[in-house]
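One letter stands for each residue in the lines below.
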Amino acid sequence: MPYGPHTPGDRDRMLAAIGIGSVDELFADIPERLRASGLDLPPPEPELTLANRLQELAARNRTDVSSFIGAGVYRHWSPPAVDQLLLRGEWYTAYTPYQPEVSQGTLQSIYEYESLIAELVGLDVVSASHYDGATATAEAGLMTCRATRRERVLVSRAVHPHYRQTLATYFAGGLELDEIPMVADGPSAGTTDLDALGTMLADPGRPVAGVIAGQPNFYGLLEPMAAIGELAHAAGALFVAVVEPVSLAVLEPPGAYGADIAAGEGQPLGIPPQYGGPYLGILASTDALVRQIPGRLVGMTTDVDGKRAFVMTMRAREQDIRRDKAASNICTNQALLALAASIYLAVIGPHGLRDVAASGAARASELEAALAAAGARRLHPGPYLNEFAVVVPDARVVHRRLLQRGILAGLALADIEPGDAALADALLVCATEVTTSDEIAQFAAALGEELGERMDRVGTVAEVLP
Amino acid sequence: MSVTGPRLEPTLFERSSPGRGDGKIPHPPKDALERIPAEALRTTPAALPELNEPEVVRHYVNLSQLNFAVDTGFYPLGSCTMKFNPKLNEWAARLPGFAGLHPLAPDEAAQGTLQLLWELEEALAEISGMTAVTLQPAAGAQGELTGILMIRAYHRSRGDTERSEVLVPDSSHGTNPATASMAGYRTVTIPSAPDGGVDVDAFRAALGPRTAAVMITNPSTLGLFERHIGELLDAVHEAGALAYMDGANLNAILGRFKPGEAGFDVMHFNVHKTFSTPHGGGGPGAGPVGVGEALLPFLPHPRVLREDDGTYRLETEDERPTSIGRLRSFVGNTGVLVRAYAYIRAHGAAGLREVSDDAVLAANYLKSRLAGSYDLPYDRPCKHEFVASAHTLKKQTGVRTLDIAKRLIDYGFHPPTIYFPLIVDEGMLIEPTETESLETLDAFADALIAIADEARSTPALVKEAPHTTPVRRLDEATAARHPNLRWKGMTGRLMPCPD
Numbered sequence: 083m084p085y086g087p088h089t090p091g092d093r094d095r096m097l098a099a100i101g102i103g104s105v106d107e108l109f110a111d112i113p114e115r116l117r118a119s120g121l122d123l124p125p126p127e128p129e130l131t132l133a134n135r136l137q138e139l140a141a142r143n144r145t146d147v148s149s150f151i152g153a154g155v156y157r158h159w160s161p162p163a164v165d166q167l168l169l170r171g172e173w174y175t176a177y178t179p180y181q182p183e184v185s186q187g188t189l190q191s192i193y194e195y196e197s198l199i200a201e202l203v204g205l206d207v208v209s210a211s212h213y214d215g216a217t218a219t220a221e222a223g224l225m226t227c228r229a230t231r232r233e234r235v236l237v238s239r240a241v242h243p244h245y246r247q248t249l250a251t252y253f254a255g256g257l258e259l260d261e262i263p264m265v266a267d268g269p270s271a272g273t274t275d276l277d278a279l280g281t282m283l284a285d286p287g288r289p290v291a292g293v294i295a296g297q298p299n300f301y302g303l304l305e306p307m308a309a310i311g312e313l314a315h316a317a318g319a320l321f322v323a324v325v326e327p328v329s330l331a332v333l334e335p336p337g338a339y340g341a342d343i344a345a346g347e348g349q350p351l352g353i354p355p356q357y358g359g360p361y362l363g364i365l366a367s368t369d370a371l372v373r374q375i376p377g378r379l380v381g382m383t384t385d386v387d388g389k390r391a392f393v394m395t396m397r398a399r400e401q402d403i404r405r406d407k408a409a410s411n412i413c414t415n416q417a418l419l420a421l422a423a424s425i426y427l428a429v430i431g432p433h434g435l436r437d438v439a440a441s442g443a444a445r446a447s448e449l450e451a452a453l454a455a456a457g458a459r460r461l462h463p464g465p466y467l468n469e470f471a472v473v474v475p476d477a478r479v480v481h482r483r484l485l486q487r488g489i490l491a492g493l494a495l496a497d498i499e500p501g502d503a504a505l506a507d508a509l510l511v512c513a514t515e516v517t518t519s520d521e522i523a524q525f526a527a528a529l530g531e532e533l534g535e536r537m538d539r540v541g542t543v544a545e546v547l548p
Numbered sequence: 328m329s330v331t332g333p334r335l336e337p338t339l340f341e342r343s344s345p346g347r348g349d350g351k352i353p354h355p356p357k358d359a360l361e362r363i364p365a366e367a368l369r370t371t372p373a374a375l376p377e378l379n380e381p382e383v384v385r386h387y388v389n390l391s392q393l394n395f396a397v398d399t400g401f402y403p404l405g406s407c408t409m410k411f412n413p414k415l416n417e418w419a420a421r422l423p424g425f426a427g428l429h430p431l432a433p434d435e436a437a438q439g440t441l442q443l444l445w446e447l448e449e450a451l452a453e454i455s456g457m458t459a460v461t462l463q464p465a466a467g468a469q470g471e472l473t474g475i476l477m478i479r480a481y482h483r484s485r486g487d488t489e490r491s492e493v494l495v496p497d498s499s500h501g502t503n504p505a506t507a508s509m510a511g512y513r514t515v516t517i518p519s520a521p522d523g524g525v526d527v528d529a530f531r532a533a534l535g536p537r538t539a540a541v542m543i544t545n546p547s548t549l550g551l552f553e554r555h556i557g558e559l560l561d562a563v564h565e566a567g568a569l570a571y572m573d574g575a576n577l578n579a580i581l582g583r584f585k586p587g588e589a590g591f592d593v594m595h596f597n598v599h600k601t602f603s604t605p606h607g608g609g610g611p612g613a614g615p616v617g618v619g620e621a622l623l624p625f626l627p628h629p630r631v632l633r634e635d636d637g638t639y640r641l642e643t644e645d646e647r648p649t650s651i652g653r654l655r656s657f658v659g660n661t662g663v664l665v666r667a668y669a670y671i672r673a674h675g676a677a678g679l680r681e682v683s684d685d686a687v688l689a690a691n692y693l694k695s696r697l698a699g700s701y702d703l704p705y706d707r708p709c710k711h712e713f714v715a716s717a718h719t720l721k722k723q724t725g726v727r728t729l730d731i732a733k734r735l736i737d738y739g740f741h742p743p744t745i746y747f748p749l750i751v752d753e754g755m756l757i758e759p760t761e762t763e764s765l766e767t768l769d770a771f772a773d774a775l776i777a778i779a780d781e782a783r784s785t786p787a788l789v790k791e792a793p794h795t796t797p798v799r800r801l802d803e804a805t806a807a808r809h810p811n812l813r814w815k816g817m818t819g820r821l822m823p824c825p826d
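Those sequence lines, one after another, are chains A and B.
Counting with this note's numbering, you get residues 83 to 548 for the letters of the first sequence.
Counting with this note's numbering, you get residues 328 to 826 for the letters of the second sequence.
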């Protein structure tokens with residue numbers, strides 16, 4: 083065993099102390115007929131061999147491309163200080179700070195995380211933490227039901243499809259989930275349909291607990307959040323804003339437009355994409371909902387000598403205390419990722435974070451112009467921050483061909499929303515501060531060639547662009 | 328309130344000074360946001376602290392040194408399997424090919440990771456005796472929810488909608504009943520028998536046509552193998568219910584007991600326990616779930632598939648309508664799963680079996696060393712952990728388990744899990760793991776024995792412990808009554824943006 087310290091002599095001493103002759107005797111209580119038939123796994127590998135295997139597997143992934151994909155996970159510059167600090171064993175090999183006297187580092191860092199996120203979202207209570215943006219959103223939906231004692235939640239169709247699917251899974255235990263359609267055309271195309279929302283909220287037999295909308299939404303568009311919130315509140319429902327934390331350096335925070343709960347994906351705060359996680363589920367609420375919020379809360383207090391100290395608090399919401407009456411079953415969370423986000427925010431600072439958000443917007447403007455010049459116009463006309471959808475005929479095929487040329491041309495929306503005909507010929511693309519002008523020019527040129535080839539084959543532009 | 332003790336750190340907010348920190352990324356053009364409607368823009372800047380990198384680094388290094396961790400000392404936290412976290416695995420997860428891969432990258436750009444995930448699923452299926460494994464759940468508790476929702480879907484698919492209860496032993500983790508509630512079920516608690524196992528008669532009496540599932544932790548949270556497990560599982564299936572195994576204690580039975588072979592229908596793995604992925608101060612984990620044939624159609628979406636030509640792909644969005652759906656965004660906590668994969672490949676079958684053998688041996692050795700100093704309520708071999716109790720010691724001296732735990736800190740050890748499971752008076756759940764040397768085990772036993780002596784000779788010394796930490800016992804009541812959950816007071820102190 084590669085990490086075991088025991089010599090044969092050590093084992094003999096332990097067996098003698100216990101008073102048995104063989105370790106098998108310690109497993110005698112497993113009924114004979116239920117003992118394992120065997121264990122068939124590839125043979126153990128020495129560290130060097132295994133390191134080579136892992137490097138070969140990693141090299142088989144294609145991360146050498148110019149990437150324009152976002153769709154909920156964004157490439158950013160993470161200062162090396164973030165990862166180097168995370169690699170301290172005192173952080174990553176500790177566990178839940180059950181013993182506060184020997185966990186003040188983790189506890190203070192969580193309190194600081196709560197404080198930093200509270201500033202970003204403009205809400206006072208921040209839970210630390212949830213698995214990802216999707217589960218944080220699902221927990222937010224459940225919170226609205228507990229708080230209002232109602233059983234129906236409305237989610238905008240313009241919220242990330244994975245978040246909506248996760249909500250549906252979490253609501254399978256007996257709660258109702260309906261989707262608010264998007265505006266189909268006109269200047270607000272691709273955003274939440276306020277008229278439809280009004281109608282859905284007006285159904286007297288089915289009172290709504292919460293309304294969920296994203297800012298920016300999945301298609302990168304800016305939503306009329308204040309108006310959505312007003313409609314929700316007028317119907318006695320709570321308002322949940324799904325947010326992207328870097329954008330909050332420049333966009334109005336949820337607390338300012340009346341959201342009761344903010345949920346979101348913390349990955350953009352210094353956390354690598356790593357094919358899906360571990361990420362960071364951000365969940366925050368107003369003070370009024372503090373007893374309903376699930377997940378860990380750390381508060382400031384004093385010790386017996388009057389020294390300032392930090393401790394897990396309001397634990398009566400948690401599963402190990404309340405069992406079947408708990409606010410959620412969450413136990414292990416994403417503490418190390420909350421730490422990463424805090425270090426990122428501390429290193430990048432308020433002006434740096436604003437620069438990150440504004441640079442993304444500037445690069446995205448550049449991308450929009452370049453793609454338009456190449457013949458790909460936007461799918462929706464409304465304002466966006468740093469992500470938008472463009473119309474590309476046969477988008478899936480073009481997307482695959484561009485990958486062969488070293489360009490990850492965003493997300494073919496038909497891959498994630500196969501049932502939506504309006505999205506069949508569209509790519510969702512984004513830019514951030516790490517996107518370069520060279521990459522944009524290369525993408526536009528390659529796309530122009532692809533579209534040109536298709537036009538040569540098909541004949542006229544009108545037949546290609548719907 | 329300000330910092331008042333040596334080794335304590337001011338908060339980031341107290342360290343902030345307007346004008347500090349710059350130079351990380353180029354400044355954007357001034358008109359970058361001009362196309363954004365004014366009503367969508369923030370009017371008051373977020374009052375984040377302004378710091379320079381050297382002080383941020385010192386802040387977090389100093390804070391880290393206030394933590395106890397596996398890398399600093401013995402951490403016998405029962406039910407948490409605080410084993411050594413191999414450093415190769417940290418290196419592997421950070422390889423740019425793994426860390427830089429976008430979760431929606433096309434399958435052809437993700438072949439290395441998809442192969443790793445597929446091989447990990449195969450290995451976990453072999454270890455558990457299950458038919459198939461999903462890697463999607465983000466932690467053990469989410470694995471439980473996945474399992475119970477699949478069981479719900481199974482019953483519904485058979486038109487069986489009357490089942491509304493989940494049976495859970497009273498020694499279970501709190502996540503089990505909390506999960507049952509989240510999935511819309513009522514929890515029925517089953518008492519334990521005096522030998523620590525599930526009370527078989529009470530169990531049989533509670534089973535019936537309303538039972539959807541039974542959740543059993545095996546070995547139990549008392550560190551005991553459920554000796555009547557075959558009988559219990561037969562009864563579950565006779566009642567038409569399904570059996571969920573909480574795999575938190577898998578570290579005890581690798582290569583010795585396969586839940587799938589024994590008749591469990593579904594189980595979760597805690598890779599941050601059994602397969603050494605770091606606990607991260609509270610997470611991340613990953614909670615893969617294995618299923619038998621009955622639940623195969625209901626596995627969460629998407630699965631990782633291997634094609635006949637040896638390539639790998641994810642299921643498409645509309646491929647398997649029987650699925651319970653998605654538990655989270657994207658594929659799973661892949662970065663954690665890379666580490667688990669490396670751990671299993673480093674050990675192989677013989678190594679994993681040795682892991683359990685040594686973990687169980689260490690626990691029984693520690694238990695034998697504590698006999699005479701503490702109550703050991705269950706007089707039979709334990710698995711990878713055991714419960715000791717200060718019941719008698721408290722009666723004799725007034726010293727409680729909490730005091731003993733705090734005093735252990737002065738001796739340089741992390742305390743065990745205390746007052747869990749709930750059914751043992753003054754209990755402490757001790758899990759040494761297989762990566763601790765005999766010298767460490769002896770030093771820990773010596774400390775616990777010394778503390779029992781102190782409880783008799785100088786009880787105040789134990790009751791007021793810890794004495795050596797940067798802070799001592801905390802006022803938790805005030806923290807809960809008057810919650811201070813965030814720093815306030817930075818607002819308005821920001822410098823204008825440098826253009």
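The set of hints was computed from the structure by calculation and includes no laboratory data.
Keep in mind that this is a model prediction, so the values were computed, not measured.
Treat the hints with care, since some could be wrong.
Claimed, not checked - If you want the ones that stay clear, here's a sample from chain A, every Cβ over 10 Å from chain B, calculated:
{"no.": "1", "residue": "103"}
{"no.": "2", "residue": "169"}
{"no.": "3", "residue": "234"}
{"no.": "4", "residue": "267"}
{"no.": "5", "residue": "280"}
{"no.": "6", "residue": "286"}
{"no.": "7", "residue": "308"}
{"no.": "8", "residue": "331"}
{"no.": "9", "residue": "368"}
{"no.": "10", "residue": "407"}
{"no.": "11", "residue": "408"}
{"no.": "12", "residue": "504"}
{"no.": "13", "residue": "520"}
{"no.": "14", "residue": "530"}
To be verified - Keeping only pairs whose Cα atoms sit at most 25 Å apart, straight-line, the calculated SDA-like set for lysine to any residue is:
{"no.": "15", "chain 1": "A", "residue 1": "407", "chain 2": "B", "residue 2": "515"}
{"no.": "16", "chain 1": "A", "residue 1": "407", "chain 2": "B", "residue 2": "452"}
{"no.": "17", "chain 1": "A", "residue 1": "407", "chain 2": "B", "residue 2": "764"}
{"no.": "18", "chain 1": "A", "residue 1": "407", "chain 2": "A", "residue 2": "250"}
{"no.": "19", "chain 1": "B", "residue 1": "351", "chain 2": "A", "residue 2": "148"}
{"no.": "20", "chain 1": "B", "residue 1": "790", "chain 2": "B", "residue 2": "699"}
{"no.": "21", "chain 1": "B", "residue 1": "414", "chain 2": "B", "residue 2": "764"}
{"no.": "22", "chain 1": "B", "residue 1": "721", "chain 2": "B", "residue 2": "650"}
{"no.": "23", "chain 1": "B", "residue 1": "351", "chain 2": "A", "residue 2": "403"}
{"no.": "24", "chain 1": "A", "residue 1": "407", "chain 2": "B", "residue 2": "516"}
{"no.": "25", "chain 1": "A", "residue 1": "389", "chain 2": "B", "residue 2": "777"}
{"no.": "26", "chain 1": "B", "residue 1": "351", "chain 2": "B", "residue 2": "330"}
{"no.": "27", "chain 1": "B", "residue 1": "722", "chain 2": "B", "residue 2": "764"}
{"no.": "28", "chain 1": "B", "residue 1": "721", "chain 2": "B", "residue 2": "737"}
{"no.": "29", "chain 1": "A", "residue 1": "407", "chain 2": "B", "residue 2": "514"}
{"no.": "30", "chain 1": "A", "residue 1": "407", "chain 2": "A", "residue 2": "254"}
{"no.": "31", "chain 1": "B", "residue 1": "721", "chain 2": "B", "residue 2": "624"}
{"no.": "32", "chain 1": "B", "residue 1": "721", "chain 2": "A", "residue 2": "403"}
Yeah, the Cβ is synthetic: ideal placement off N, Cα and C, and Gly gets one too.
How the hints compare with the structure:
no.	hint	result
1	103	holds, 12 Å
2	169	violated, 7 Å
3	234	holds, 15 Å
4	267	holds, 20 Å
5	280	holds, 20 Å
6	286	holds, 25 Å
7	308	violated, 8 Å
8	331	violated, 6 Å
9	368	holds, 12 Å
10	407	violated, 7 Å
11	408	violated, 4 Å
12	504	holds, 16 Å
13	520	holds, 15 Å
14	530	holds, 21 Å
15	A/407 - B/515	holds, 13 Å
16	A/407 - B/452	violated, 33 Å
17	A/407 - B/764	violated, 41 Å
18	A/407 - A/250	holds, 22 Å
19	B/351 - A/148	holds, 22 Å
20	B/790 - B/699	holds, 21 Å
21	B/414 - B/764	holds, 18 Å
22	B/721 - B/650	violated, 52 Å
23	B/351 - A/403	violated, 44 Å
24	A/407 - B/516	holds, 13 Å
25	A/389 - B/777	violated, 29 Å
26	B/351 - B/330	violated, 30 Å
27	B/722 - B/764	violated, 33 Å
28	B/721 - B/737	holds, 20 Å
29	A/407 - B/514	holds, 10 Å
30	A/407 - A/254	holds, 18 Å
31	B/721 - B/624	violated, 53 Å
32	B/721 - A/403	holds, 23 Å
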